[in-house]
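Q: Let's have the full structure, built from the sequences with the hints guiding it.
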Amino acid sequence: MSVSRARRQARDGESGQVTIEFLGMTPVIVATLVVLWQLVLVGYTYTLAGNAADEAVRAATAAERGARDAACRQAGLDKLPGSWEGGAEVQCGGAGGYVTADVRIEVPVLFPGTLSVPFTVHGHAGAVEEEDD
Numbered sequence: 027m028s029v030s031r032a033r034r035q036a037r038d039g040e041s042g043q044v045t046i047e048f049l050g051m052t053p054v055i056v057a058t059l060v061v062l063w064q065l066v067l068v069g070y071t072y073t074l075a076g077n078a079a080d081e082a083v084r085a086a087t088a089a090e091r092g093a094r095d096a097a098c099r100q101a102g103l104d105k106l107p108g109s110w111e112g113g114a115e116v117q118c119g120g121a122g123g124y125v126t127a128d129v130r131i132e133v134p135v136l137f138p139g140t141l142s143v144p145f146t147v148h149g150h151a152g153a154v155e156e157e158d159d
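When the letters of the sequence shown are read in order and numbered with my numbering, they come out as residues 27 to 159.
Think of the hints as simulated: they come from the structure by calculation, not from any bench. There is no bait here: all hints are sound.
Ranges between beta-carbon positions, derived for each pair:
# : residue 1 : residue 2 : range
1 : GLN43     : HIS150    : 51 to 59 Å
2 : PHE48     : ALA96     : 56 to 64 Å
3 : ALA121    : LEU59     : 45 to 53 Å
4 : GLY112    : GLY69     : 18 to 26 Å
5 : GLY50     : THR73     : 33 to 41 Å
6 : TYR124    : LEU65     : 30 to 38 Å
Glycine included, each C-beta is placed from N, C-alpha and C at the ideal position.
A: This is the structure:
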């Protein structure tokens, strides 16, 4: 048998091998992309929780004492996109001239506004209250 004929037979026996390997790797590629996307959503939720807590504290320090709690909660929820707002919880407090806000947000599964992972992200912020002179 000649060398070129042996090569041709070996090559013909492997026809379609790349297609089979690609089809076998497709679920692994898709699963990797889904996991990466979920991690992006977790990171974005942390960013949202921190920003909402900062805004809540900022509003609380600028509000009158009687309206502080309501202003804090409202500002914390206003800074969240609608998809994250549903499962969000904003708690405001403070004493001795220091105001705090804690925000808890549920992490969505793949698409915000659908299901949530049983994992809650916490954001915390604090600031010294403003004094009128």
